[in-house]
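Novice: Sequence:
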Amino acid sequence: MTGGDGAGGTLEAITRQAAVLHAELQRAVEIFVHGAPDTEATDVPSAPVDVAVLELTVDGWRHLVPTESTARGALGALMHQRFGDTLRSFPLVLGAVGRSDLATDLASGRADAVATGGDTDRAALARALQRVDLAAGTTLFAQGDPGDSLYVIVRGRLRLVITDAAGDALFRELGPGQTVGELALLTGDPRNGTVVAIRDAVVYRLGRNEFDRTARSHPDVTRTMLATLAGRLNHPQVRGDTHAPPQHIAVVSVGVNGCGRELAEALARTMDREVPTALVTSASIDAAVGDGAVDADPASPLGVRVQLHLDELEERHRHLVLVADEGVTPWSLKCVREADLVLLVGRAGAAPTPTRLEEAVFDVARPITGARRHLVVVEPTAAGTPAGTDRWLRTRDVDRCHHVHLGSPEHLSRLARFVTGTPVGLALSGGAVRAFAHLGVLRALGAAGIPVDIIVATSAGAVVGAQLAMGLDPDRISELDQQAFGGLGRMLLDVVPFTSVFGGTRFNAVLEGLFGDVRFEDLWLQFACTTTDLTAAQPRLHQRGPLRPFIRASCSLPMVFPPVIHEGHLLADGGIVNNLPVDPLLGMGRVGLLIAVNVTSTFYDADEAYNYQDNLTLARVLNGRLNPFAERLVAPGMLDVLMRSLEIGSKSVETAQAAKADLYIRPDVSHFGYTDVAAMAAIVAAGEAATRDRLAEFGAPVVAFTR
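So the sequence shown is numbered by this note's numbering: it starts at 194 and just counts up by one.
Treat the hints with care, since some could be wrong.
[Said to hold, decoys possible] Per label pair, the in silico range of CB-to-CB distance:
| no. | residue 1 | residue 2 | range |
| --- | --- | --- | --- |
| 1 | G642 | G337 | 48 to 54 Å |
| 2 | A358 | A730 | 19 to 25 Å |
| 3 | A358 | T574 | 48 to 54 Å |
| 4 | E760 | D252 | 54 to 60 Å |
| 5 | F364 | P339 | 21 to 27 Å |
| 6 | G780 | E760 | 16 to 22 Å |
| 7 | G337 | E760 | 35 to 41 Å |
Please keep in mind that the hints were generated in silico from the structure rather than gathered at the bench. Where a beta carbon is used, it is the ideal one built from N, C-alpha and C, also for glycine.
Full structure from sequences and hints, please.
Specialist: Okay, structure coming up:
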């Protein structure tokens, strides 16, 4: 290759990099002046790459200039040939290529050439903005630092962590199009939180003096900033999560004989049907940029072209699925560094041994990413219930675990909804036998094409929810539960009036028959149940470990069944604190459609007026119930009183929980007793009817990846 050819290639890389940098800068100016856009990318017209653009972006392309004097001289000569004598007016460009001797005194107005529509104020703002590259894991500023600047995010993802005096932390994720640091800049107070790059990011810094000058010439800037802060205060977090949906999803094979590539291809196809999604591999990079591009130094012209290619893909697609190589390669490391979410993909039944890549990128002392991690176990069949997931989790710190059969469109669609932050959440209340109405709700939802991805349930609702999460359909659950609970009266033989009326032995046997040794992490659907910790006087959420004991605890109505001992604490019915667990569901992660089902009802209403006195005696009970000639005794049963007392205790909470649901369903089950197992079919029908009516009123909700 001749020197001229080399200079031409370098100048091409510089101009391409300058075009990207200038588009970033224009976007940063637009975001700063007008606030965060409604879309992920701001549509800002890009100026042609002339020497003024090169001057404005010089710090971003200076590293591409060769250090060897002959090559640098050839580049300077080529620039002079292309841009003519105007090059003399741009000393930063000349200095970068070693030709400062050509500079003139005409440089004072160089940035005005970049102004849009002659707006010199914007040109001044563009000059004032300082580009900052943040590697994954880098701290932008720390809580307590001076608030002397604000930042505009144009690429990547940042995490804001605010720690209060009690040591509790609030997390928020910020992405392209958003700003951070405004509050401290406006008030003059120290930073109220710490901001760390989750993945490699680019931000533009504006200092206090430059902000003051811009605010004087653009009064709308201050109003825009105040509106942004007010919006964050009014909506402190995205419902269910502070994590923004990921743009870059890295897929990493884990364990022996991993299958990340197969999963990535299937997931990208599923996502691309509804949102533009690109599958990116080392082979596709080399094909688009040139052989060996994935191994090139990021600062070299070829390495810059790789980043430009990724930037172009990101402009055209909502999501990029980045497939890491099997080993510790530059491309694998880049995939993880670029990721907002990392999917660790293993094959069910294979040895879950951590790979060298896992050890390299997730080292506890020096992780190269702050992105969330999900484990995806690829199952050989969609039948039965997965097993052995805890072996994978022992050596991996992940936020979620998914089970997927690659031949199942339903499984892939469910994973796509979790990846994009749109899973369908279902909160199920307790209600003893009335909880069988949940089965009717599930049957009607299925008929309407509405899937369920994540379930949080309490008390008897946990029994139904766990069975659904195991992969059982509503009809099969109804059949099993009719057999299991049909002999509920036999629990009378289990009377042990010490800690509670019933000893729980027979109920434990029923749950053992339904759930055996299944664990939360082995379920097809994400599932959690709630309990009330009587020892610590607080609610508890359970989503790891053996299923049966926690469902038993969630159903342990005080005075009816003894509480369950767990780690020295007494766990009782979750409905004591919150019988409609919407908040616990939201706490598990971002939710798209949220459905809440409440099977509580008004208090027991007898066909006749109650006729007992407050000094109800055993003789009065026996006479009113056994003597055919005596006045019939009309009084609420003990379980009715206990259940209603439980419901009243969380009544105020229930109203607030219901208001957070998109679809709130409350079947009419008030005429069924809490122990009326014989009415199971009618209770199921009531749930189905209520759901059909509610869907007709609500309209068919749009669920992602079901079309």
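Novice: Looking back at the hints listed earlier, which ones does the structure fail to meet?
Specialist: none
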